[in-house]
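Sequences are here, hints too, so could you generate the full structure?
Spelled out from the first residue to the last, the chains are:
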Amino acid sequence: MINALRAELLKMRTMPGVWVTFGLAFPLTVLIVLAVLAGAGGFPGHTFYYVSSVSQRRQLLGAGYFGIEVLAPIIGLLCITSEYRQKTITTSLVLVPVRTRVLLAKVIATAVWCIFVALLGLVAVAAVALPWNAALGGVTTQVTDQIGAVVPGLLASAVLLGLFGLGFGTLVKNQVAAILLTIGGTLILEGILIALAKAIFHYDLNWLPNGAGAALAGDIARGFGGGNGHDGIKLLAWWQGGLVLLAWGLGPLTLGYFTTFRRDVT
Amino acid sequence: MTAGATIRGLPIEIRGLSKHFGPVVAVDDLSFTVEPGRVTGFLGPNGSGKTTTLRMLLGLVHPSAGTATIAGRHYQDLENPTSSVGAVLEATSFHPARRARTHLRMAARAGGHDEKRADEVLGLVGLTGDAKRKIGGFSMGMRQRLELATALIGDPDVLILDEPSNGLDPQGIAWLRDFMRYLASEGRTVLVSSHLLSEMAQTIDNAVIVSFGQLKAQGTLDEITAGMTGVAMRARTPEADRLAGVLTQAGIAFRRLTHDEVVMDGVTPEQVGPLLASNQIVLYELAQEGGDLESVFLSLTAGLGFGEVGAP
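If you read the protein sequences in the order shown, they are chains H and D.
The first sequence begins at 2 in our numbering and counts up by one.
The second sequence begins at 6 in our numbering and counts up by one.
Since the hints were made in silico from the structure, they are not lab data.
Be a bit skeptical, because a hint or two may be false.
Here are the simulated BS3-like cross-link-like pairs (lysine-lysine), alpha carbons at most 27 Å apart as the crow flies [as the list claims (entries may be wrong)]:
(1) K121(D) / K139(D)
(2) K88(H) / K137(D)
(3) K174(H) / K139(D)
(4) K139(D) / K88(H)
(5) K137(D) / K121(D)
(6) K88(H) / K221(D)
(7) K88(H) / K174(H)
(8) K199(H) / K235(H)
Anything over 10 Å on all C-beta distances counts as not near chain D; from chain H, calculated [stated by the list, open to error]:
(9) P17
(10) A136
(11) I189
None of the values given here were measured: they were computed from a predicted structure.
Think of the CB as a built atom: it goes at the ideal place given N, C-alpha and C, for glycine as much as any other residue.
Set out below in structure tokens:
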């Protein structure tokens with residue numbers, strides 16, 4: 002198992018797409034930092050203002066979540082769909098012929114790289130957001146006090162969203178289609194469905210992947226109303242969000258294993 | 006087997022192997038054995054089930070019936086598969102952005118081997134100078150060599166090669182032939198599928214011939230060609246009339262082609278040579294016809310030419 006995992010980690014390290022996601026993690030986080038500091042003082046009035054409320058402080062600390070939301074599923078997708086796109090699945094399964102072992106190694110490798118993306122977001126926060134917030138008059142320790150509330154959920158979301166991407170990629174082997182469907186589904190379709198459910202049925206559609214991820218990540222997910230939704234939807238409890246997101250990952254992964262991954266490689 | 010070679014290979018056993026893709030029968034009750042220390046050619050027209058058989062042997066395709074084992078065990082049940090078996094299946098199984106050495110390091114890691122082995126096998130296949138190049142820029146021949154290097158990463162006892170000479174230039178083919186002979190001389194089991202029969206005839210010790218997914222012949226080249234009823238000897242002689250009399254007396258069927266050419270059916274050089282010598286018949290030429298691998302192959306596979314589809 003360790004051998005298979007080491008091979009998967011090296012494979013992902015030498016995949017250009019993975020480095021593209023890394024390259025995007027930092028600027029996406031900075032973009033959210035910009036939005037959080039711009040919104041901290043309220044519009045109009047201040048261009049940028051330091052964060053003060055608990056919710057704002059958590060949003061600033063968890064600014065990397067947006068990057069995770071977008072990039073973690075892509076990392077999971079790349080891990081599996083590149084095998085089919087480049088036809089390397091044949092070599093992979095000859096080198097490690099026990100397929101459950103290959104898939105498990107991919108799950109762990111995806112988790113590791115998704116945690117790296119999450120950590121990169123935290124680095125961006127430390128390098129840009131905290132000094133900037135301090136320069137605006139904010140107290141850094143008031144932000145870092147929220148590490149315990151934010152970081153575990155952030156990392157767990159990264160892992161489970163990566164698992165979701167991996168599971169979806171196991172089902173939809175075509176890389177381009179899988180990426181378009183995942184990004185389109187989570188960033189566009191999910192938002193539309195949430196809005197429609199709220200408007201028509203007054204129902205909080207909070208169990209879709211990003212909603213579940215937002216719940217797990219706590220008060221940091223923008224656009225979901227920070228947990229009790231004055232302008233968004235009421236999120237699940239963090240542990241409920243975690244379980245739902247785990248189901249979103251394991252469901253497609255299990256289905257993909259039995260319908261696609263176990264099939265003949267001709 | 007080369008004299009003095011230590012047996013380090015493992016036997017491959019195919020027993021009653023079948024594979025159906027829906028209504029299409031790709032492999033039909035196939036049984037044969039591949040012995041260590043020899044190069045065994047797995048021959049058949051395109052679509053005759055060779056690749057499917059090799060993929061079933063490697064656990065990539067699930068058999069509909071029967072078993073394909075290495076030393077009595079399924080590939081995926083071997084304790085350390087890549088130390089036992091190395092496989093060359095297709096020269097396109099590479100990530101183009103990966104460097105040759107990185108690809109081999111990945112293979113070494115997956116098999117639990119020392120990553121230094123990557124440089125060793127690059128040297129074995131003559132790609133040391135290209136170790137840091139991205140595979141996307143490799144020619145087909147270089148990819149074949151890299152695929153072979155991947156197969157050798159665990160220093161395996163069994164080599165399974167599916168059309169390994171595809172894309173190789175004549176020098177590459179000659180190199181591959183020598184390399185396979187060298188591996189077999191070390192006692193390894195070498196099973197190689199190919200449609201390049203003239204090349205195979207110079208390389209292999211044994212042959213397994215399949216058509217429409219069924220076994221047509223198995224054995225050493227001599228055994229296979231000797232068993233053919235289509236084997237004939239052609240003689241050119243100024244004493245064709247006297248030769249005809251000798252052949253009639255010996256009970257050998259023959260045909261007169263021209264005034265000085267006679268074809269003797271169903272005989273081998275070992276049978277006809279002494280007969281002509283004892284009767285002191287002058288010969289300008291004595292040649293075997295129809296007993297070469299290609300003739301045997303065409304006969305056994307119902308005349309299906311290379312590149313034609315042998316099965317639906």
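Review point. Of the hints given before, which are not true for this structure?
Key: Of the numbered hints given earlier, those the structure breaks are 6 and 9, listed in rising order.
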